[in-house]
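Student: One-letter residues, chain by chain:
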Amino acid sequence: MLKDITLGQYFPIKSVVHRMDARFKIIITMLFLVMLFWGQRLTTLGAGLFFVIVATACSRIPPKMIVKSIKPIVPVLIITGLFNLFLLDGGKIYWKWHFLKLTEEGVHTSAFMIARICLLIAGTSLLTYTTSPIVLTDAIESLLSPLKKLKMPVHELAMMMTIALRFIPTLIEETDKIMSAQKARGADLESGGLIQRTKALTPILIPLFVSAFRRAEELALAMECRCYHGGEGRTRLRVLKSGLRDYLALAFTLLLFATVILCRIYVRF
Amino acid sequence: MPILEANNLTYTYSIGSPFQKTAVDHINLQIEQGEFIGIIGHTGSGKSTLMQMMNGLLKPTEGTVLLDGKDIWAKKADRRAVRFQVGLVFQYPEYQLFEETVYKDIAFGPKNMGLDEKEIDRRVRETAEAVGLDEKLLEQSPYALSGGQKRRAAIAGVMAMEPRVLILDEPTAGLDPLGRTTVLTQLREYHKKTGCTVMLVSHSMEDVAKYVSKLLVLSHAKVVCYDTPERVFARGAELEQIGLALPQITKVFHGLKERGITFPEEVYTVRFGAELLRAKLEGSTPPC
Amino acid sequence: MESLIKIDHVRFSYQTDEENAEPAEVLKDISLEFEHGELVAVLGHNGSGKSTLAKLINGILRPTSGVVTVAGMDTSDEEKLLEIRQHVGMVFQNPDNQIVATVVEEDVAFGLENLGMPSDEMRIRVDQALHAVGMYEYRNHAPHQLSGGQKQRVAIAGIIAMRPDCIVLDEPTAMLDPQGRIEVMRTVKMLNRDYGITVILITHEMDEAAQCDRVIVIDHGTVHMDAPPNKVFSHVDEMRALGLDVPQVTELCSILRGAGYDLDPEILDVSTCVEAIAELFSQKGITQNADSGSK
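Residue numbers (the working numbering), protein chains in the order written: chain A, 873 to 1141; chain B, 93 to 380; chain C, 84 to 378.
A portion of the hints provided could be inaccurate.
[What the hints assert, rightly or not] Here are the simulated lysine-lysine pairs, PhoX-like style, with alpha carbons at most 25 Å apart:
id: 1; chain 1: B; residue 1: LYS196; chain 2: A; residue 2: LYS1071
id: 2; chain 1: A; residue 1: LYS1071; chain 2: B; residue 2: LYS203
id: 3; chain 1: B; residue 1: LYS203; chain 2: B; residue 2: LYS285
id: 4; chain 1: C; residue 1: LYS367; chain 2: B; residue 2: LYS349
id: 5; chain 1: B; residue 1: LYS285; chain 2: B; residue 2: LYS302
Simulated from the structure, these hints should not be mistaken for laboratory data.
Kindly generate the complete structure, drawing on both the sequences and the hints.
Tutor: And the structure:
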């Protein structure tokens, strides 16, 4: 259903990973990304694959879901693959035609790039599969809070994010209703060229904007009545708590990270 | 031949998902030309879904809707043309106003029908008058109108298509008592003047009882009854059981009946009730 | 003891854009007092000034002249606003546009979070508030999964979690179906009865006003009547002239009184009405038996 869009990719089951502190999950995911881009080829792939497998197993997310998350980026994979395959130079030359050539280096790099992007998507999907958007927002606010000292509006951004998540289903429902209402007045939304179709959106977009502004105004008033006065001195009902399992997970990731870096420096393969 | 007919009409939301729900369940219904029908049922009884199928906005999962005996989902049927004949006013219709002026907004429907300027002008002015919007307001922005005026301008926008069936989904929701009476009285006038069929969806028996010629009561996706108000209100206990409140005045007469003070007629308006009581009290008073 | 809320000779007009335009006066010299524990309806048609009055009570608007005090604090005093809003909570018409969070219990906590309450104390208050409005089972739901009446109860929970002395509800049922209306009215009356919270219910529905202890009728920015509901609704013609309804039974009795029958003008509910009319018939000597005998 359209209305469930606020859940994003969140896959609501119970697992160790779901229960982890979202801040740690974000940090771990970051480390994982850095590792993917920093390491040497084989160690990176090995470590990355190992990480994704362990994390998936712990999160109890069906592997099918991970594969599904990669689907939308297949075109990107193909383009990246082809570029690297035919445009890179080095090593044995298998085939050549004008400026296009197939070399050993090209084949390796292209395979590596594809594998790396797949791992990258799998890793970040695990984060969004196991963490609801609202918890994610809280965690980002908490992680960025040192930036408040630099006068960055961290709280305001997080509040905006929360309100957006709150109102997406409401506005989708409203769009549906306005579309039906205008169709009942004979609005033709389906035929005609691009310009005509864009024009046909006016009767939908204007009421939608007017309504969104009205909602914003009323919400601001309601928030003010409930003593909202910015992030200063504000506490939260749900406090992000970290425990042993979060530190263990972080330690595990750091270990993996260190291995990959050490391999890059000393082993060189 | 009935103007609108539902045969075995069914609508199921989100088939195959855990949210699957049948909103309209094998409903058969015949709407005769020129009726003023009140449609009553609580939230989730299927009223809105049924109305949206009646003008082809929703495609039934099963069954057919016939307009003048023709299936509106037949292969060659033109659904846009159906919507011009079966006009539908949604709940809170003022949320769909979008043009620069009230005039242009009311003209939106007729313009989509491809009518010429002169005809559009006639329709806009006539319907604006029908809903009591002053000529001067037509050149104003719809957003400058008062709440009640906005509502009426939006209703005029559908009326201006001169549909043969006018369906309104809770046209009085959120209005104050005066606003409610204004809208309902204007609808009655419009119905009388144009002779078109009007279907009025409402939560409130008390509100619609005095205006309609027939009541359609829905509950749990099915038709409970479809009859004249008198006959519907006579089944008071049944209505209360499905969670619909009877008008206070009807309850008074049901209470009197229990006390042995009976009247052959079913009462649902105060004026009529008072007349009956007076007649009975006076008629039985020994002349002095 | 000092009244909880005191409105003293208050006038209010909205600032208009045009400089020359005479600002329209929405409230004209209103004086009212609300005591602890009252259940009051402010009844008036749209545009009568009743919503403006509501907004003056917790300092969203400040009077053009006159003084509004809440627990002794002047609402024009900017410094006191935060404290005033802890004393007087407000619930609005559209349930959707006052829920901030994506999870029910977090929304109920919103006000407490703003006050900087420690998390464990907040937990207790949130759970209590949700129990009070009967929404505890729904604490982990998203707002869009709830019905209108349920959303409005969540909004009320968000206010009572702050333990205010008074709740002002601005047409809380206008956008709800009959079921939702019943839920909200039941909740509001319970809060007044069991928790002693002062309730000021802004409405144009006479059946809601009839459930309160005191009804203030506002028209054109002035207080037209201020009395218990049975007294207010006995003025059938006057209420009609103000664009307001009266209960059908009250109207029925008023018509019969007009025809010379001795009926109490202050009847509001069906059973009393049936009782009174039956009494009328028995006075006339028309009983069940006489009735069937006469036919």
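Student: None of the hints should be skipped; say for each whether it holds.
Tutor: Hints, verified against the model:
At most 25 Å may separate the alpha-carbon atoms for a hinted pair to count; LYS196(B) and LYS1071(A) meet this at roughly 16 Å. Simply put, LYS1071(A) and LYS203(B) have alpha-carbon atoms about 15 Å apart, close enough for the 25 Å limit, and the pair holds. Straight-line distance between C-alpha atoms of LYS203(B) and LYS285(B) comes to about 23 Å, which keeps the hinted pair within the 25 Å bound. With a C-alpha separation of about 17 Å, the suggested pairing of LYS367(C) with LYS349(B) holds against the 25 Å cut-off.
At roughly 18 Å between alpha-carbon atoms, LYS285(B) and LYS302(B) fall within 25 Å of each other, so this suggested pair holds.
The structure agrees with every numbered hint stated previously.
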